[in-house]
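Residue strings, one per chain:
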Amino acid sequence: MSAEQLLSSVPESDTVIVADLEAGIGTLTRLPEGSVDTTLVIVEPTPRSIDVGQRAVLVASERQQGRITVVANKVADGDDEARVRAAFNDHDVVIVPVDPVVTAADRKGASPMDVDPEAPAVNAIAGLASLLAETTGT
Amino acid sequence: MIRIAFAGKGGSGKSSVSGTFARLLARRDRPVLAVDSDPLPGMAYSLGIAVDDHPTPDDVVIEGPEGGPRWVLRPGLDAAGFIETYASSGPDHVQYLQFGNTWGHFQTLQRGQHAWSQVVREMDPAAWNVVGDLPGGTRQAMFGWAKYADVLALVVEPTAKSIHVARRLQNISKAEWAPSWVVVVANRVEEDSDVEQISEALERPVIGVVPNDAAVTEADKLALSPLDHRPGPFVDAVEQLVGVVEATYDLDIQTPTNGTP
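Protein chains in written order, with the working numbering: chain A, 1 to 138; chain B, 1001 to 1261.
In short, the hints are calculated from the structure, not lab data.
Glycine included, every Cβ here is placed at the ideal spot set by N, Cα and C.
Any given hint could be a false lead.
[Claimed, not checked] Below, computed lysine to any residue pairings styled on SDA-like, alpha-carbon distance capped at 20 Å:
id, chain 1, residue 1, chain 2, residue 2
1, B, 1221, A, 42
2, B, 1161, B, 1200
3, B, 1221, A, 93
4, A, 74, B, 1221
[What the hints assert, rightly or not] Some chain A residues judged to face chain B by a derived CB distance under 10 Å, without partners named:
id, residue
5, 22
6, 108
7, 112
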C-alpha cells in the first residue's frame, strides 16, 4: 500500500499518524485532497531545497492538505534563518538548528533522542510537536 | 560512450555528484547530455544552469497508435530533434534535459513521461555520453526510469538510512532491464571506516570515495556548482571517479554524430 492510499483511507481516530513522505513532491501530487490535517514542509537553507519547498507548499495549498508549517532544518546562522523566512513569509516557520548530534545519530543508525535528548535539534523538534499538539487539539 | 545514472536516498548528494561528474566528463572533450528525471530542478543547480520553468508546448506529443504507448512524439520530431530543441546549454558545453520542464509542474505528467521515455530510449547511443540524476528514493529507479543506463551508480552516505535505501536499490541488478554495472559511490566520507561500513553492507564495488567537503555546503547555499565555488577535495574525488569510468569504458567507441557541442 502506498503512502497516499494509506493516508486517504485510514479511518478517523484518536491515533496520531506521522507520515514521512518521499523526497520531492511526488507523493503530495498524488495525495487526494484533504488527506491530512497538517503538512510540514522541511527545507534546508539552500536555494535548491527552498525551491522544492515552495513547490511543495503550493501543491499542499492547492490540495487543501491542512495547515502548512515550514520547518527550516540545518540552520547554521541568522543568514540561513533569514533566507528561509524570506522565502516563506506567508507561513509559520519553525527553526531546527544544525546539530552534530543528529549527524552522529545518523551515522550510528540511532534516533537523535536516544543519543542526546537535550540536543538543540531535539529540543527544537519537541517545540514543534508541542505547537502542533496545541494547535490541532491532540 | 557511457550512460550512467545516479540514484540514492534523498539528500545523499546525487545531484552534486552527478552534476559535477557531467561537467568534468565534458571537460575531457566528451559530448555530455545531463538528464534529470526529477520533476523538480536539482541537477541544474549542481551544473550551474539557471532553473527554467517554461513548459514545453503540449503539441510535442500526439496520441499514440492503438496497442502502443499512449503518447508519442509528433511526426517529424525524433529524439535528436527533441534534445536539440529542448535541452539547455550549460557550462563546459554540457547539454541539460529536465523531465519536469516538459509540461509544467502541477499538471499531469503522463504525456511528459511518455515523451521522456521515448527520447531516452531512442536517442542515438553514438551521440552522447548520458549522465542521469534520479529523484531520491527507490520509486523511480524501481519503475525502470534508468533503463537507458549502462551503469547505475548508488550514491551512499555512511549512515544507516542511506545504506538501507542503497540495499534496496541494488536489487535492480536482478531486473530484466538491469544496467550492466551497479556500483557504489561513497559520499560525505570522513574516515576509512565509513567506506568499510558501506562496502560491507552492500554487495557492489565502491568505485568512488567522495570526502565530506564544507565547500559543497557553501556552494549549495550560494546556488553554485561545486566546480564554481572553492573546488577542492570533493571535486578532486569526482574527477577520480570520472577517470575510473573513463578507464573502464571505451568512450571513443563511436564518433558523435549528433549535436556535438
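Evaluated hints:
1. 1221/B to 42/A: The hint holds at about 16 Å.
2. 1161/B to 1200/B: 15 Å, holds
3. 1221/B to 93/A: 18 Å, holds
4. 74/A to 1221/B: Given that 20 Å is the threshold and the Cα spacing comes to 12 Å, the pair holds.
5. 22: 5 Å, holds
6. 108: 7 Å, holds
7. 112: This hint is violated: residue 112/A lies away from chain B, its Cβ roughly 12 Å from the closest one there, beyond 10 Å.
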